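The letter at position 16 of the sequence shown is residue 803 when you use the working numbering, and the numbering goes up by one with no holes.
Fair warning: there could be bad hints in the mix.
[Unchecked claim] Calculated lysine to aspartate or glutamate pairs in the EDC-like style (CA-CA distance at most 20 angstroms, straight line):
#1 Lys-866 - Glu-797
#2 Lys-875 - Glu-828
#3 Lys-875 - Glu-908
#4 Lys-796 - Asp-897
#5 Lys-879 - Glu-863
#6 Lys-866 - Asp-894
#7 Lys-879 - Glu-904
#8 Lys-879 - Glu-901
#9 Lys-815 - Glu-907
#10 Lys-875 - Glu-907
#11 Lys-796 - Asp-894
#12 Lys-796 - Glu-904
#13 Lys-879 - Glu-907
#14 Lys-815 - Glu-908
#15 Lys-815 - Glu-878
#16 Lys-866 - Glu-878
[Said to hold, decoys possible] Listed next, with one range per pair, are the computed distances between beta-carbon atoms:
#17 Asn-801 - Ser-832: 35 to 45 angstroms
#18 Ala-893 - Gln-867: 29 to 39 angstroms
#19 Asn-891 - Glu-864: 17 to 27 angstroms
Calculated directly from the structure, the hints in this document are not laboratory data.
Given the structure is predicted, the values throughout are model-derived calculations rather than measurements.
We treat Cβ as the ideally placed atom computed from N, Cα and C, and that holds for glycine.
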Amino acid sequence: MRKGGSSVKEKAMNYCAAGENCSLGLLKAAAEVYGFGLSEEMKHSCAAINSGFGVGSFCSALVAAVMIFGILFPAEEAKQKRLLFLMKIREKYGTLDCGTLSANRADCVDLIGEMAELLEESIAL
């Protein structure tokens, strides 16, 4: 399934460090690593969900991760991977909300890297 080169973690961190929003950075990184296409509409939709939907709500990088499961796996397997992934995130950080996850951080680059690493582990299961 994996196509090559760098990890999703490395690519996502680079995208976010360059100014890409969290969801699009993660989605673009996974598309490159796992070899799926991204429509312009899908890319533009990330602008509507970033910064916790604009109100510090559900983390948009987590939304992108769920989308990636849906792209890579049949529906039931995607749901299972989604649940395990989100439970790992909640266990590690105590929340799924952007506002809480990003509090006291200058940026979310390291956080996105950690999430991308958990995403890759969940994909490999």
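Structure-based check of each hint:
no., hint, verdict
1, Lys-866 - Glu-797, "violated, 25 angstroms"
2, Lys-875 - Glu-828, "violated, 30 angstroms"
3, Lys-875 - Glu-908, "holds, 11 angstroms"
4, Lys-796 - Asp-897, "holds, 9 angstroms"
5, Lys-879 - Glu-863, "violated, 24 angstroms"
6, Lys-866 - Asp-894, "violated, 29 angstroms"
7, Lys-879 - Glu-904, "holds, 13 angstroms"
8, Lys-879 - Glu-901, "holds, 10 angstroms"
9, Lys-815 - Glu-907, "holds, 14 angstroms"
10, Lys-875 - Glu-907, "holds, 13 angstroms"
11, Lys-796 - Asp-894, "holds, 16 angstroms"
12, Lys-796 - Glu-904, "holds, 6 angstroms"
13, Lys-879 - Glu-907, "holds, 16 angstroms"
14, Lys-815 - Glu-908, "holds, 18 angstroms"
15, Lys-815 - Glu-878, "violated, 26 angstroms"
16, Lys-866 - Glu-878, "holds, 18 angstroms"
17, Asn-801 - Ser-832: 35 to 45 angstroms, "violated, 21 angstroms"
18, Ala-893 - Gln-867: 29 to 39 angstroms, "holds, 35 angstroms"
19, Asn-891 - Glu-864: 17 to 27 angstroms, "violated, 36 angstroms"
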